[in-house]
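Asks: As a plain string of letters, each chain reads:
There are 2 protein chains.
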Amino acid sequence: METKSENACFGGVQGVYTHTATSTSCDMTFGLFLPPQAKDGDVPVLWYLSGLTCTHENAMTKAGAQAWAAEAGIALVFPDTSPRGEGVADDDAYDLGQGAGFYVNATQAPWDPHFRMWDYITDELPQLLFGEFPLDPDRQGITGHSMGGHGALTMAMRLKGRFRSVSAFSPICNPTQSDWGQKQLTAYLGEDSGQWAAHDASLLMAETGFDGPMLIDTGTKDQFLDLLKPEALASAIATKRQQAVFRMQPGYDHSYFFVSTFMADHVAFHAEELLG
Amino acid sequence: METKSENACFGGVQGVYTHTATSTSCDMTFGLFLPPQAKDGDVPVLWYLSGLTCTHENAMTKAGAQAWAAEAGIALVFPDTSPRGEGVADDDAYDLGQGAGFYVNATQAPWDPHFRMWDYITDELPQLLFGEFPLDPDRQGITGHSMGGHGALTMAMRLKGRFRSVSAFSPICNPTQSDWGQKQLTAYLGEDSGQWAAHDASLLMAETGFDGPMLIDTGTKDQFLDLLKPEALASAIATKRQQAVFRMQPGYDHSYFFVSTFMADHVAFHAEELLG
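So the sequence lines, in the order shown, correspond to chains A and B. The first sequence maps to residues -11 to 264 in the numbering used here. The second sequence maps to residues -11 to 264 in the numbering used here.
So here's chain A without its partners, still in its complex pose (with noise of 0.2 Å):
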């Protein structure tokens, strides 16, 4: 594991580090955010994953989190949102390829090789934070934006016991019916629809839910409503009476401006179970 960067950051310290994943067999790049608290001994971790054609860096420098966290004394984790590099396969569409992994193991053609985002955000990437920085196991939490609300969501269902609490800023609610999943579904899965349940938060919700609380904010102004589904997810909510909380924020739209603002709310979400 390589340091690229550690800055003083709200009495901690944001580093950037990049380590040769097995995974996804290529370098990745992650941020991680420890507060001051982590001198201390060992911190909850929130893990905030990040939309299309984001990096490991959009989250860290735009969404504010910093301040909550370090007050909250949580750590924050951003990674990357796919393989990247020139051995990596890409596509000239923005929601596909690299900046584009939709938090899956791909089984097809070209993307097999790489394009193994589940387990490296599941997998890989923890063993690696655990063993090298002051984390607690036991505390974890997992938020993220848009594909990344879609990738914390499915997790959060489908790893039963070892997220907290999960909550999410407008993410992608039902790939399986929409633009935003179908294609990057069929790509990476293949033609046969009935892998891609798995993937898919409002097919999850209905079918196993999730063991603790849930926080949604979506934008009543987002640009991408019809791609994202909210009323998929919040039906499935409402139908498996799911302990959640499903905000329509007036006015607000898909940006980091809507991000930040309620990016309090949420670290304030996770801190009640990591820390309460």
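There's no promise every hint is true.
[Stated by the list, open to error] Distance condition first, Cα-Cα at most 30 Å in a straight line; then the derived BS3-like pairs of lysine-lysine:
{"#": "1", "chain 1": "A", "residue 1": "Lys(-8)", "chain 2": "A", "residue 2": "Lys27"}
{"#": "2", "chain 1": "B", "residue 1": "Lys228", "chain 2": "B", "residue 2": "Lys209"}
{"#": "3", "chain 1": "B", "residue 1": "Lys209", "chain 2": "A", "residue 2": "Lys(-8)"}
{"#": "4", "chain 1": "A", "residue 1": "Lys50", "chain 2": "A", "residue 2": "Lys(-8)"}
{"#": "5", "chain 1": "B", "residue 1": "Lys148", "chain 2": "A", "residue 2": "Lys(-8)"}
{"#": "6", "chain 1": "A", "residue 1": "Lys50", "chain 2": "B", "residue 2": "Lys27"}
{"#": "7", "chain 1": "A", "residue 1": "Lys148", "chain 2": "A", "residue 2": "Lys228"}
{"#": "8", "chain 1": "A", "residue 1": "Lys27", "chain 2": "B", "residue 2": "Lys50"}
{"#": "9", "chain 1": "A", "residue 1": "Lys209", "chain 2": "B", "residue 2": "Lys(-8)"}
{"#": "10", "chain 1": "A", "residue 1": "Lys228", "chain 2": "A", "residue 2": "Lys209"}
{"#": "11", "chain 1": "B", "residue 1": "Lys27", "chain 2": "A", "residue 2": "Lys209"}
{"#": "12", "chain 1": "A", "residue 1": "Lys50", "chain 2": "A", "residue 2": "Lys209"}
{"#": "13", "chain 1": "A", "residue 1": "Lys27", "chain 2": "A", "residue 2": "Lys50"}
{"#": "14", "chain 1": "B", "residue 1": "Lys50", "chain 2": "A", "residue 2": "Lys209"}
{"#": "15", "chain 1": "B", "residue 1": "Lys209", "chain 2": "B", "residue 2": "Lys171"}
{"#": "16", "chain 1": "B", "residue 1": "Lys148", "chain 2": "B", "residue 2": "Lys228"}
{"#": "17", "chain 1": "B", "residue 1": "Lys148", "chain 2": "B", "residue 2": "Lys171"}
{"#": "18", "chain 1": "B", "residue 1": "Lys27", "chain 2": "B", "residue 2": "Lys(-8)"}
{"#": "19", "chain 1": "B", "residue 1": "Lys228", "chain 2": "B", "residue 2": "Lys50"}
{"#": "20", "chain 1": "A", "residue 1": "Lys27", "chain 2": "B", "residue 2": "Lys209"}
{"#": "21", "chain 1": "A", "residue 1": "Lys50", "chain 2": "A", "residue 2": "Lys171"}
{"#": "22", "chain 1": "B", "residue 1": "Lys50", "chain 2": "A", "residue 2": "Lys50"}
{"#": "23", "chain 1": "A", "residue 1": "Lys50", "chain 2": "B", "residue 2": "Lys(-8)"}
{"#": "24", "chain 1": "B", "residue 1": "Lys171", "chain 2": "B", "residue 2": "Lys50"}
{"#": "25", "chain 1": "A", "residue 1": "Lys209", "chain 2": "A", "residue 2": "Lys171"}
{"#": "26", "chain 1": "A", "residue 1": "Lys50", "chain 2": "B", "residue 2": "Lys148"}
Derived by calculation from the structure, the hints in this document are not laboratory data. For clarity, every value in this text was computed on a predicted model and none was experimentally measured.
Following the hints, position chain B against chain A.
Replies: Chain B only, in chain A's frame:
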């Protein structure tokens, strides 16, 4: 004036606007955050001047200032750092030409037709803003980072009565004695260093000071301390008996991770003068 974007943000609106400027003879772009309180009448204004290589966008997306400005009910202005465009002179160096206006009116070729950032920031942009938006010209504060801290300090000291409060993050404090200054002042104002003194915060402090409170933050691990010369300003403040809080922040560097960490303090500092 053309609206480039408007995003809901912390209950207010983060806008980006472009207009054809007379002072710089080119189109200029700026960011303006209006807090929710602007719906009910004119609000105070805090100017934020950015540093070398920055545009209107850097602080707007990375400084986290809107959270605190919305709470206080203060508008934020994020001007660009230089004229721009195909017909505008430039230099291959990052610290001269476009992105490096240094907040002066150039008198030397090839810079003099466009590089009139002093007039743009102190005259033309205020006229536009106070004409078009619900902003109170009697309640203005100014801050900035690095080259923008230099701009904020020099404007606050030279424009008597304009600003009630001034602050700066890692400002260029003594440009007449630094490679961040001598190079640019020579290029823009000419070889006669007598013309430079009006753009040196430490010299202005010795001469006139500021009629109001001042807050300066600089990181002890700032990688540019030799160029910033905070010791010159600290000495001048003490010699002048200027009301000021001058802080060296342990472990922090020159990045926006530093700026965002102390942004809450700076907004609160200005709010006390603008709202008190």
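Asks: Indicate, hint by hint, whether the structure satisfies it.
Replies: How the hints compare with the structure:
1. Between the alpha carbons of Lys(-8)(A) and Lys27(A) the distance comes to roughly 21 Å, so the proposed pair stays at or under 30 Å and holds.
2. Using a Cα cut-off of 30 Å, the hinted pair Lys228(B) and Lys209(B) holds, with the two alpha carbons roughly 27 Å apart.
3. For the hint linking Lys209(B) to Lys(-8)(A), the alpha-carbon distance of about 17 Å falls within 30 Å, and the restraint holds.
4. Annotation: proposed proximity of Lys50(A) to Lys(-8)(A) holds, straight-line Cα distance about 19 Å (limit 30 Å).
5. A hinted pair counts as satisfied when its Cα atoms are at most 30 Å apart, and Lys148(B) with Lys(-8)(A) does not qualify at roughly 45 Å.
6. Proposed proximity of Lys50(A) and Lys27(B) is supported: the alpha carbons are some 26 Å apart, at most 30 Å.
7. Taking the CA atoms of Lys148(A) and Lys228(A), the gap is near 17 Å; set against the 30 Å cutoff, the hint holds.
8. For a cut-off of 30 Å, the pair hint linking Lys27(A) to Lys50(B) stands: about 26 Å separates their Cα positions.
9. At most 30 Å may separate the alpha-carbon atoms for a hinted pair to count; Lys209(A) and Lys(-8)(B) meet this at roughly 17 Å.
10. Annotation: proposed proximity of Lys228(A) to Lys209(A) holds, straight-line Cα distance about 27 Å (limit 30 Å).
11. For the hint linking Lys27(B) to Lys209(A), the alpha-carbon distance of about 19 Å falls within 30 Å, and the restraint holds.
12. Proposed proximity of Lys50(A) and Lys209(A) is supported: the alpha carbons are some 20 Å apart, at most 30 Å.
13. Between Lys27(A) and Lys50(A) the CA atoms are separated by roughly 25 Å; this keeps the pair inside 30 Å, and the hint holds.
14. Only pairs whose Cα atoms come within 30 Å are accepted, and Lys50(B) paired with Lys209(A) is accepted, the gap being roughly 23 Å.
15. With a C-alpha separation of about 24 Å, the suggested pairing of Lys209(B) with Lys171(B) holds against the 30 Å cut-off.
16. Simply put, Lys148(B) and Lys228(B) have alpha-carbon atoms about 17 Å apart, close enough for the 30 Å limit, and the pair holds.
17. As the CA atoms of Lys148(B) and Lys171(B) are separated by approximately 28 Å, the hinted pair is consistent with the 30 Å bound.
18. At most 30 Å may separate the alpha-carbon atoms for a hinted pair to count; Lys27(B) and Lys(-8)(B) meet this at roughly 21 Å.
19. As the CA atoms of Lys228(B) and Lys50(B) are separated by approximately 34 Å, the hinted pair breaks the 30 Å bound.
20. For the hint linking Lys27(A) to Lys209(B), the alpha-carbon distance of about 19 Å falls within 30 Å, and the restraint holds.
21. This hinted pair checks out: Lys50(A) and Lys171(A) have alpha carbons roughly 28 Å apart, not beyond 30 Å.
22. The suggested pairing of Lys50(B) with Lys50(A) holds, with an alpha-carbon distance near 5 Å, which does not exceed 30 Å.
23. Straight-line distance between C-alpha atoms of Lys50(A) and Lys(-8)(B) comes to about 19 Å, which keeps the hinted pair within the 30 Å bound.
24. A hinted pair counts as satisfied when its Cα atoms are at most 30 Å apart, and Lys171(B) with Lys50(B) qualifies at roughly 28 Å.
25. Proposed proximity of Lys209(A) and Lys171(A) is supported: the alpha carbons are some 24 Å apart, at most 30 Å.
26. Between Lys50(A) and Lys148(B) the alpha-carbon distance is near 35 Å, which puts this suggested pair outside the 30 Å criterion.
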